[in-house]
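Participant: Each chain, letter by letter, is given below.
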Amino acid sequence: MLLKSTLKLLNNPVNRLLINRINSFNYGTVTSSINLDFLKRDKTSKAMKAYLERAQQHDEFMKTQNEEFKIGKRHLANMMGEDPVIYEDQEKIDEAISYLMPSALYDKRARPMMKPPEKIFPERKAAEFDETGRAHHFLFYTSKPNFFQLLYDAVEHLNGLNKFEDNMTRQQKSVDPALRLELSGSEWINQDQLELKLVENIQPVEYRYFVNVMNRLIEHPYSFRVKDFIDIYRRPLMNQTIILDIPKPHIDKDGKSFITVYECLRKKARGDVTVRFPGSGKILINGQDVTYFEYDQSREQILFPLIFTEMLDKVDIEANVEGGGPSGQAGAIRWGIAMGLRSFVDADVVEKMRYAGLLQRDYRRRERKKPGQEGARRKFTWKKR
Amino acid sequence: MLRNILQFTKFSRASPTILANNYSQYEPHFINPVFKKDEQEALIKSGEISKIAFVPIKAPRNNDNSSVFHDHRVSKMVNYIMQGGKKELARKLMSETFERIKRIQIERYHKAQTEEEKENIVLNPVTILHMAIENVRPILMVTPVRRGGVKYQVPVPISEQSSYYRACKWLVEASREHDRKTHLPEKMAFELLDAANNSGRVVKRKHDLHRLCEANRAYAHYRWS
Amino acid sequence: MLLRRSSRLIKPHIGLYSTVVEPKLNVDEFRTIEDNPVNHSKQHIGKYYKIDDGLKRKLFSQGGLPKKYEKQIKTFNEACLMVRPQAIEIMEYINRTDFSKPVVRYLLYGERGAGKTMTMAHLAHYGHENGFCLVHVPYAPDWYKRPKEFGPSATHEGMVDLPLDAASWLIHFKSQNNDLLTKSEVGISKTYDWSKREQTTAGSKLIELVDHGINRAKYASDVIAALMDEIKIASTAGKIKTMVLIDGYNSFFNEQTRVFSDTRKKHPVTPDKVTLTQPFINITNFDWCNGVCVLSVDIFGMLGWERESYLPRYLLGKEGFEHLDPFVPIKMDKYDERQFDSCISYYVNRKWIQNTAQGFDKELKFLSNSNPYKLMELCNSV
Amino acid sequence: MLKKINLNSLIPLAQRTCFRNYSQEPAAVETVHDDDFRVLNLRKTKGTQQQLSRRPKPPDVPPPRYKQMAVDQDWGAVWPGPKTFHPASVPLPVRQGWVPLNKTVPGKFANAELMKIPNFLHLTPPVIAKQCEALKQFCTPFPKGLETEEQQEKHFPVQFISSDYVHGLPTIRNPLSRIVTIKLKLSQLKLDEHARDKFLRLIGERYNEETDEITIVTDRCPLKQQNFDYAMYLLTALYHESRTVEEWESSKQEGDMEYYNWHNNQSKVTSTEVLNWGLPGDSKVEPPQEYISCVENLMNEGENEYNINKYKESVVKMLGLA
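Chains as they are written, first to last, in this note's numbering: chain S, 1 to 385; chain X, 1 to 225; chain G, 1 to 382; chain B, 1 to 322.
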């Protein structure tokens, strides 16, 4: 009975192996119940046998790991004097571990951890052949069946679209421009992500094939018909938090609403900016008015978001800024004012501010000097000797 | 291939870092900001704004702003004048140039007898700068091409951007050329006024270049053969 | 169009100060036809008045107006000054002063470019129209920072003389007070012996004394000292009224100068070792009457490295403060809204501002922080 | 066919060796008999059994200690003091180490990273609670009447600060432990105006104006007690010295004054003279008090817009210009 079901499972042709990954636990239940005696009777391929052995080994290993983790959680509860139930929560475990073994390593991935084994041991691909060693997938011998299946599908779609287009031309119907795919805000997933999706390692040149084929697909006038297929492989270029996550202003004791933007950074300057509404256009930078900046260009930078949103006379600004030089400080305050003003202007003005780049942090920094060069880019004057 | 690999490493990082192949701190899909209000209005009107609705945008640089006094050509000119990164000084020189132009023009304005004459005098220095640049913009230039061991000066058309660059550079060069006793703003004011009048040394330089192109028209085919 | 704009800018504030209705004439809102500063009052604040060309030459040909403003005058084709509230305040004080009491010292202070020198010029005009004898030093720090010539004094042991500076100041004095000096019958109280042959006898006119100084630059400094004494005596006796105007007064109390006691420029002297200093400190003393002193302290009167504050106590030092005390400090503020609008309208009227796109004045106000000098600088290129 | 199939690499070496003798289950390899193809054994070598026995026998290593730990044990007894991480004694499956994505993080055995970081395994919350409980019997009740900061300051105005050091040297005396700092609020000393001024001049920069605190640091003597005695002596001497008035103190000049007094200054002379200008004989007019205080404020507090304005108002009033 068990055997039958197992065989069925193994025989079941898995045609669409696009993202067919089974997690190891699942996989364990299947193979652990196999009585290996049947291998003696049936003519089983060597590869199949080896595979099953490895699978069983892995399964047992995972089992012990799971067991150990379970006991470890009980031990942890005992050490911390807590009820074991609360350590069902992974966050609590992390908290306890960071208490017992505090580490200040910069990368959080490098710090000590105690995680369930499923999280630690990478996922693996399931069997792609039956017990006689016959491959399920027709592209199995390309060694990258999922990848080539993807290309195959894309071309299939393209052919379908061509046929559809011919049909439409025969009926003298033209494509509705409103339906055209708008893909300017997204791009193809990169090679790493594609590899994760396909569970296969691919070469850069193969990634390029993928991009070319997909680009041809979206250039097709009827590409909107396969939008679902395309969307799987696109990623958005930006997150919408700047526009959507606008903080609500607080109310101070004078009844004015205000927003404080912390961590306004530009070059080596850092500061915080408070925008008060309604105001009269007063500006206070480190306790001084706009004369804090001697140069016109810096003053213009402070003015920029205010005149852009036409809020010059309607808000008061307070800024504390330190580090860096005048232009860096002015840039930091400019960003702070723009971020603070989001709460006091309409949504379309916020959108316009984004088009003007006011909400974008300027990440550019001084480029370091390189050894063997005179500066960041400049090379030493070449001398024969 | 190298480019591809580098591109991939970039995405896996959380913060933008210096890349080996292109030095930009922004990822390649970032586009330049549209910070002038009228330019933005034009984009909205033409509907092109929807194209950039979901595209990340770079922050404007420190010499960009949406002030009514901001002029793209002027800020470019300031950059051409600037030496050794002293932008404040360059701005001051530009401002002094404009001041001198204005003084000269206003004096002329007051000297003018009739209303008609007065109306013809351009007082706005920024307009004069624009006129001057338009007047000294070349449309052709020569580029050396080596054929059979001989270098030929081959006339080629130049892009709009490049022609603006050349015009500005010539103006600045002409203003620096004189004796070292007179200040740059003084010379530049005269150069700009001359060029705006379609006369003067810089306009002559443009004509010289065009004449050279004309003389070398026989070599024009070397551009593609 | 522009004129309409400017009128819109000015109108709302008119009611604030005006008590008397101005005669309806075809005059821009930012101007006043009242050209005589004697008649200026609070209703003229923020407006421009015109100085007659000849008078300007008479009063300020040797200095008194900032060089940049002289340029503006040339470009604008007219010499106009704004009536600032601080000038009106001092005028009101002068009108209320009991001239039998010791002189009152007014001290203008303020940031760079706030309009101290321009207010001084306005007050000089006022003094001239009011019949004061003007003792006007256009910019005292010039003597100590950029002396034309210096040499050891012939009459005072260990002192340094600035003959050319002294003589040119005497020319300035003479040109400002020519009418007054020639008309008045004021005589000298005592005989001054300059050398064995030269002397100015008691009873001769003041102008003779001045002329002597101009002709014999060697004695110019001593002439100035004598002149100051004589002016004090004459004023106390009630023969003339005197107005002392000194710009950059704090330079008299600096710790150092660029005047040297030797030709090799090794040993700089302190201001009190310069013969020109004492007479002007003397005339700003309180011990005379029938006069008024308007002084200003300037942060740029200090030598380069010590410019921390523009406040009078810091700039004058303890000595200078005690010399002047009690004085009336008057702060030159930046433009208020009304003065700023008036200034902008004036510039637009004079075609000095060419870019009048919407919101340009707001931007200028922000960028200049309403500082008059900064505003002028910013307007240079727009 | 499998992605990254090297399973053995997943199990740390140490663990593997441990398992060898104690695992109950037989190895999977041995149970599978390959009988579908018989190989001709020409040389008549012996079977696989013998081949296995030829391998060197691994040493007897007991399983790690944590395998036998009960989950309700007394952890404080297992890990009583500060100690470097030991994988066999800690019953937690912790891991540490940076690896690329899709790789396994190294486990706790033979992991130098885990040994490098500090740990608080000896100070878990239950252990702390237990130790506090144990220490309680040695505590005395907090003295009454000293609950608040003010009370403490009132009864013990002098703060005494010194440091003791523990270090690995043949001598037990660290030279730095001799340094003694004494802190005291100046207001606690109850000095009159003259004495306060003199005291401040005597201690110079050891006085902090903002906190009204004096700080005396002594490090001249080799022993802490000596330094302490010296500091106390200094304090006493300063106190008494500041209270004596010497003869020469009466000849204090204007420049020696610690604050500006209008009555001793030129300002009094000039303003009185200005006010009395032209007045007959003995009728003297004194400058108004308002003016005096304004001048004093201006000089003592330093000038600012507010003080200058006040001064201006008072002068205008005094000269009758208002």
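Derived from the structure by calculation, the hints contain no laboratory data. C-beta atoms are modelled at their ideal positions from N, C-alpha and C, and glycine is treated no differently. One or more hints might be untrue.
With a straight-line cut-off of 25 Å between C-alpha atoms, the simulated BS3-like cross-links for lysine-lysine are [unchecked claim]:
#, chain 1, residue 1, chain 2, residue 2
1, S, Lys125, B, Lys252
2, G, Lys318, B, Lys83
3, G, Lys67, X, Lys187
4, B, Lys252, G, Lys318
Far from chain S, by Cβ distances over 10 Å, these chain X residues were calculated [to be verified]:
#, residue
5, Lys58
6, Arg91
7, Lys181
Participant: For every hint, state whether the structure bears it out.
Facilitator: Checked hints:
no.	hint	result
1	Lys125/S / Lys252/B	violated, 96 Å
2	Lys318/G / Lys83/B	violated, 69 Å
3	Lys67/G / Lys187/X	holds, 21 Å
4	Lys252/B / Lys318/G	holds, 19 Å
5	Lys58	violated, 6 Å
6	Arg91	violated, 7 Å
7	Lys181	holds, 28 Å
The structure fails hints 1, 2, 5, 6 (numbered hints given earlier, in ascending order).
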